[in-house]
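Here the structure of chain D is known, so what remains is to put chain W in place on it, guided by the hints.
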Amino acid sequence: MFRAALRLSVSGARSLTRSRPQYTASVAARSYSHGKQETDEEFDARWVTYFNKPDIDAWELRKGMNTLIGYDLVPEPKILEAALRACRRLNDLASAIRILEAVKDKSGPHKEIYPYVLQELRPTLSELGIPTPEELGIDKA
Amino acid sequence: QHTLEGNRDHTAVIHICLSIYLDRYFQTLYSSLTVVVLVHLSSDVDVIDCSVPQYNNRLDTPLPDVPFVRNLSAEQKKLKEKEKGSWTQLTKEEKLALYRLTHELSYAEMRQGSKEWMTVLGGIFIFLGFTGLLVWWQRVYVYGDVPHTLSEESVAQQTQRMIDMRVNPVHGFSHKWDYEKKQWK
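Residue numbers (this note's numbering), protein chains in the order written: chain D, 694 to 834; chain W, -7 to 177.
Fair warning: there could be bad hints in the mix.
As the list claims (entries may be wrong) - Covered by chain D, according to a simulated footprint, are these stretches of chain W (three or more residues, beta-carbon under 8 Å):
hint : stretch
1    : 53 to 62
2    : 74 to 83
3    : 98 to 107
Just so you know, the hints here were simulated from the structure itself, not pulled from any lab data. Just so you know, even glycine gets a beta-carbon here, dropped at the ideal spot from N, CA and C.
So that you can see chain W by itself, here it is in the shape it has in the complex:
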């Protein structure tokens, strides 16, 4: 079980159960050791509290539940005050700053892809190539000799035998041999 006391500090209580099987002498026994560990997470680790609304970048949700920047600096707070007045008084930079306070990514930024696919494809090819090297090594150093029946002389004898016994004489193998001229048609 995990319980998070999110509003106080970043302390998590982790309940660990260890089962210890003792050696042959105490075969009938096994004891379970329960250890309660108090883990203090340092404050610079962001623990997402899923019980409150979160910010999200979604094309189908233009206005997220919470603004992106929650903790405003003094300067940002001043800008927010200025926002309450007429927006024609704001400079372009201020308008952009207000947008970026509320939204992390613009629609264009959400839509842009990445070049990750090139990395993935490259990785695939690298590993395929490496596998090819392994297979080649295996062919050279692990496999033994091929059977002698694959030697040129043996294949010639085999072919002659097939011709002699008229293998596939209608449409196939022997059909292509000219028995008069004793050569391939």
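Okay, chain D solo, but in the shape it has when bound:
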């Protein structure tokens, strides 16, 4: 995910002029001395599949989202898109907005992650009619 970017930005090597930041997916939280490491793509695919379950229920959405936010990474836009669509299936607009807030909060000091995520999610947000926290004015206390 964005962990590689975190390392790069700490060393100051990241350039600001790229139109699309090259955030490589990060590895899963566990590091084994043996056994196969899950790649970033596998991690993403697993989570996208989780949220894409057609009959996902509210508990699973909450559990999935809370777990995902617990990881030391910012989720990829495709995972978030799947989560937002799950909110749509559950008729839960508030959770969709909350997810966006959580992504911004998760980025911490890396202010460029959230605009990138919004940019990637823009088609989904427009299609589903999900407002961003900024549009509702809840990004300022």
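Chain W only, in chain D's frame:
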């Protein structure tokens, strides 16, 4: 022991044990009095039932277990029905209302601090100042006179004596006195 019958009403049964020690005449006896008190709490007191999931505002838990507003008014129920349709049909105010039904505080509101630290610091200074006043009063009204050896004349005599007996003549006290000129160097 406390038992809460939460689903019926707000009645709590409190079991109180009182031990009563009687006077000298009945010294060998003590009786314990058990009182069972039925306390009826008025319905406007919120008793938190910790056995069911509760709402919480946490940065690391974006989707709480239960929505903030559980008992919806008719208007709110209508809004929830409208939520089942296309969200593009909702106005901004309705979207905000839906958010506030489910969440008490937004992330920004959770993160904002308070000005409490100023109150705390001010309180600390006030009490320090008050303590200073007390200490000053104590110095003036409680402590007696200082010993006479601290008077100017006594200190002069003391200093002369120290010079005479060559206190610390190498690097210290008497080293700073010029014995020829009879003055400080």
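Now for the hints, and whether the structure bears them out:
1. Check on the stretch 53 to 62 of chain W: 6 of its residues sit with their Cβ under 8 Å from a Cβ of chain D, so the three-residue criterion for coverage holds.
2. Counting residues of the stretch 74 to 83 of chain W whose beta-carbon sits less than 8 Å from any beta-carbon of chain D gives 7, enough to reach three: the coverage restraint holds.
3. Chain D is given as covering the stretch 98 to 107 of chain W, and this holds because 6 residues of the stretch bring a CB closer than 8 Å to a CB of that chain, at least three being needed.
In this structure, none of the earlier numbered hints is contradicted; all agree with it.
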